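In the order they appear, the protein sequences are chains A and B. All residue numbers for the first sequence refer to our numbering, where the first residue is 42 and numbers rise by one. All residue numbers for the second sequence refer to our numbering, where the first residue is 4 and numbers rise by one.
Keep in mind that the hints are not guaranteed to be accurate.
Claimed, not checked - For each label pair, taking beta carbons as the anchor points, the in silico distance ranges come out as: (1) A:A204 / B:A88: 38 to 44 Å; (2) B:R201 / A:A116: 28 to 34 Å; (3) B:R419 / A:S220: 49 to 55 Å; (4) B:R151 / A:I85: 27 to 33 Å; (5) A:S220 / B:T217: 54 to 60 Å; (6) B:R222 / A:A219: 55 to 61 Å; (7) A:K185 / B:R97: 58 to 64 Å; (8) B:R286 / A:A88: 53 to 59 Å.
No lab work stands behind these hints: they were computed from the structure. All figures in this text were calculated on a predicted structure; none of them were measured in a lab. A virtual CB, placed ideally from N, CA and C, is assigned to each residue, including glycine.
Each chain, letter by letter, is given below.
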Amino acid sequence: MTAIRVAHLYPEYLNIYADRGNIAVLANRAAWRGIELAAEPVSIGEALRPGAHDLIYIGGGQDREQALIAPDLAAKGDAIRESVEGGAAVLAVCGGYQLLGLFYRDRGGAELTGAGLFPLHTVAGERRLIGDCLLECELEPGEKRTLAGFENHAGLTRLETGAEPLGRVVAGFGNDGASGFEGCRVGAAIGTYLHGPLLPRNPWLADWLLARALEHRGETLALGELPDALEHEAHLVSAARARSRGGRF
Amino acid sequence: MPGKVLSALDPDALDRLAERLPLGSALISATNGKTTSAAMAAEILSPGSRLAHNASGANLVSGVTSTLLSARNAELGLFEVDEAALPEIARRVRPRAVCLGNLFRDQLDRYGELEHVAERWRAMVGELPAEAVLVVNGDDPQVGDLSRERPGGLVFGLDDPRHARPELQHAADSKWCLSCGRPYEYAAAYVGHLGDYRCPACGHGRPPLDVSATDVELRGLEGVDFTLAASAGERRVRLAVPGLYNVYNALAAASLALALDAGLDEVQAGLERFGAAFGRFERITIGERSLLVLLVKNPAGANEAVRTLVVGGAPKLAVVALNDAIADGRDVSWIWDVDWEPLLAGLDRVVVTGERAAEMALRCKYGGFPPEAIEVVPELDRALDRGLELTPDGGELVVLPTYTAMLALRKIVSERGFVRPYWERAA
Numbered sequence: 042m043t044a045i046r047v048a049h050l051y052p053e054y055l056n057i058y059a060d061r062g063n064i065a066v067l068a069n070r071a072a073w074r075g076i077e078l079a080a081e082p083v084s085i086g087e088a089l090r091p092g093a094h095d096l097i098y099i100g101g102g103q104d105r106e107q108a109l110i111a112p113d114l115a116a117k118g119d120a121i122r123e124s125v126e127g128g129a130a131v132l133a134v135c136g137g138y139q140l141l142g143l144f145y146r147d148r149g150g151a152e153l154t155g156a157g158l159f160p161l162h163t164v165a166g167e168r169r170l171i172g173d174c175l176l177e178c179e180l181e182p183g184e185k186r187t188l189a190g191f192e193n194h195a196g197l198t199r200l201e202t203g204a205e206p207l208g209r210v211v212a213g214f215g216n217d218g219a220s221g222f223e224g225c226r227v228g229a230a231i232g233t234y235l236h237g238p239l240l241p242r243n244p245w246l247a248d249w250l251l252a253r254a255l256e257h258r259g260e261t262l263a264l265g266e267l268p269d270a271l272e273h274e275a276h277l278v279s280a281a282r283a284r285s286r287g288g289r290f
Numbered sequence: 004m005p006g007k008v009l010s011a012l013d014p015d016a017l018d019r020l021a022e023r024l025p026l027g028s029a030l031i032s033a034t035n036g037k038t039t040s041a042a043m044a045a046e047i048l049s050p051g052s053r054l055a056h057n058a059s060g061a062n063l064v065s066g067v068t069s070t071l072l073s074a075r076n077a078e079l080g081l082f083e084v085d086e087a088a089l090p091e092i093a094r095r096v097r098p099r100a101v102c103l104g105n106l107f108r109d110q111l112d113r114y115g116e117l118e119h120v121a122e123r124w125r126a127m128v129g130e131l132p133a134e135a136v137l138v139v140n141g142d143d144p145q146v147g148d149l150s151r152e153r154p155g156g157l158v159f160g161l162d163d164p165r166h167a168r169p170e171l172q173h174a175a176d177s178k179w180c181l182s183c184g185r186p187y188e189y190a191a192a193y194v195g196h197l198g199d200y201r202c203p204a205c206g207h208g209r210p211p212l213d214v215s216a217t218d219v220e221l222r223g224l225e226g227v228d229f230t231l232a233a234s235a236g237e238r239r240v241r242l243a244v245p246g247l248y249n250v251y252n253a254l255a256a257a258s259l260a261l262a263l264d265a266g267l268d269e270v271q272a273g274l275e276r277f278g279a280a281f282g283r284f285e286r287i288t289i290g291e292r293s294l295l296v297l298l299v300k301n302p303a304g305a306n307e308a309v310r311t312l313v314v315g316g317a318p319k320l321a322v323v324a325l326n327d328a329i330a331d332g333r334d335v336s337w338i339w340d341v342d343w344e345p346l347l348a349g350l351d352r353v354v355v356t357g358e359r360a361a362e363m364a365l366r367c368k369y370g371g372f373p374p375e376a377i378e379v380v381p382e383l384d385r386a387l388d389r390g391l392e393l394t395p396d397g398g399e400l401v402v403l404p405t406y407t408a409m410l411a412l413r414k415i416v417s418e419r420g421f422v423r424p425y426w427e428r429a430a
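When you get a sec, could you build the whole thing from the sequences and use the hints?
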């Protein structure tokens, strides 16, 4: 079997919330099932060829780093959208999530053009939305699952009419602290503010992304169960944190 | 607590208490090492002057006020100050000298992004009293750059490329040129992004050093020797605490003391007398065994704790205690930025404990550590007992706690009669 090909966008710029933890989870959970996963850094000035990757990962950075990569990411917009239309999976966290939208407007009114994958825009707010966060998602019809993570963002993200959120906020702020929704989904592309990192304590989402990446590869392999007792416990602790002290206005 | 009450009753209390000090005040701030640097500076300065020093680490406005209240005969104020509280405290205390050590990513849920802290520090420097001396770590791009705003201060740094890391660590911050955004090139990177950097595009680089450490000899867990070089001359210093990061702490303390007119002999003697700030690096004897406690609180600090342990002879067993109270940082994602792997590579077993023990277990598991060798024991006292049970007679148990876990651990150990409470030592 050939390897799952992952493009990790701007890893040296966007790594603020331990994004390598997400990559480590994807790589290990593939390896434990005998599937190879090859992650390739794709940075400023390097081409992203549509169809060449089964999964695209982009993390978050501080304002300065995000401003440094934003023009290059916007220039990769066509390639990213074409990849997703072709069935590639995407996980975008925090700053990467914002910049895959239509635009990001900072406090001074300056706008960064986004890559235009997710039908949403983000405007910097007055205060940061910080805290544990718990979502309920239904990525596959009838399969309700929870995602537990930590959010820390000043941006208020608004979905365009008809856009599909990643999940409903059970506890915490979510996209803008008001809509009751968090994140966005387009096909097999997922954008979210939740870090922690997200995947170690939510292994079902890691497996969902791996399954989509395998489908893109043309494989119809079922992913076997793994012993996830530690992951389950970490999820419960994180979910309890969100319920007891998740952010609210 | 009295400081909190007084500040509420009398908002100008801090200003007036500080004004009474005949020799004025000195402030020390940094993401990492401020407690240790301040304790080292206190060791240097205390034979010469009566100090008001917040040794217990109460480093907000209320803590500094309390310290001044309880040290009525003090001549000189020496305060470690929280990074976010520094602008306000500097404005109110009007210090004679300010020492700025480093800025690392730390508790983003609490402090916000590093650049914002740096901006606030820059504004603070611009408002310092005209006669105040600014002491900065030139090896940190963000911090060293502040010396350009305010000439006439002291810049310190490390000069011994033999101890450079082969490459910047994963969690390195401040790696993009402050002037033009291109990546810095490092002639030597010592601790995180601290080192001898220069931008190949515009030339922005480390400022010239006034106080430096050269010829560094690491003595494992026992300590570190270095040559302290300043305009007044050189001294060979033997520190009883280990690691390059403690050389940085010693440089900060030495430079601040020199700025306050201490002599090189006093500096050398004070640094050599220094033990360790409580809980930062501490050996506690428990019957036939001992505990070696190294505080971990953010990626840069934890990376240095790991490096110190590995250089000193990698342990086979470790207890890692992860809490997520406000003082620890509620967001535990930082543990994924720490390079634990060199430590994990030598371990036969790890006991993870604290409120977020399961998260630490996952960090070990996805770092390639065998899950069957991970023991999750959330209760600290039980984890300590388990660690001691696995430690042979005469052996040493390594414990890496976050801040509130360290306080809880000390309480457990002191209740069992093995260590005096820190507030006795701090008094």
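Discussion item. Given a hint of 27 to 33 Å, does the C-beta separation of R151 of chain B and I85 of chain A actually sit inside it?
Written reply: holds, 28 Å
Worksheet item: Do the beta carbons of R419 of chain B and S220 of chain A sit within 49 to 55 Å of each other?
Response: For S220 of chain A against R419 of chain B, whose Cβ atoms are near 52 Å apart, the range 49 to 55 Å holds.
Practice prompt. Could you see if the CB distance from K185 of chain A to R97 of chain B stays within 58 to 64 Å?
Written response: holds, 59 Å
Item to complete: Could you check the hint for me, namely that R201 of chain B and A116 of chain A are 28 to 34 Å apart, CB to CB?
Response: Hint holds: Cβ distance 30 Å, inside 28 to 34 Å.
Worksheet entry | Cβ separation of R286 of chain B and A88 of chain A, checked against the hinted range 53 to 59 Å | holds, 55 Å
Worksheet entry | Outcome for the supplied range 55 to 61 Å, where the beta carbon pair is R222 of chain B and A219 of chain A | holds, 58 Å
Worksheet item: Between A204 of chain A and A88 of chain B, is the Cβ distance one that fits in 38 to 44 Å?
Response: holds, 42 Å
Discussion item. Given the hint of 54 to 60 Å, is the C-beta distance from S220 of chain A to T217 of chain B inside that range or not?
Written reply: For S220 of chain A and T217 of chain B the Cβ distance comes to about 58 Å; the hint holds.
Of the hints listed earlier, there is not a single one the structure fails to meet.
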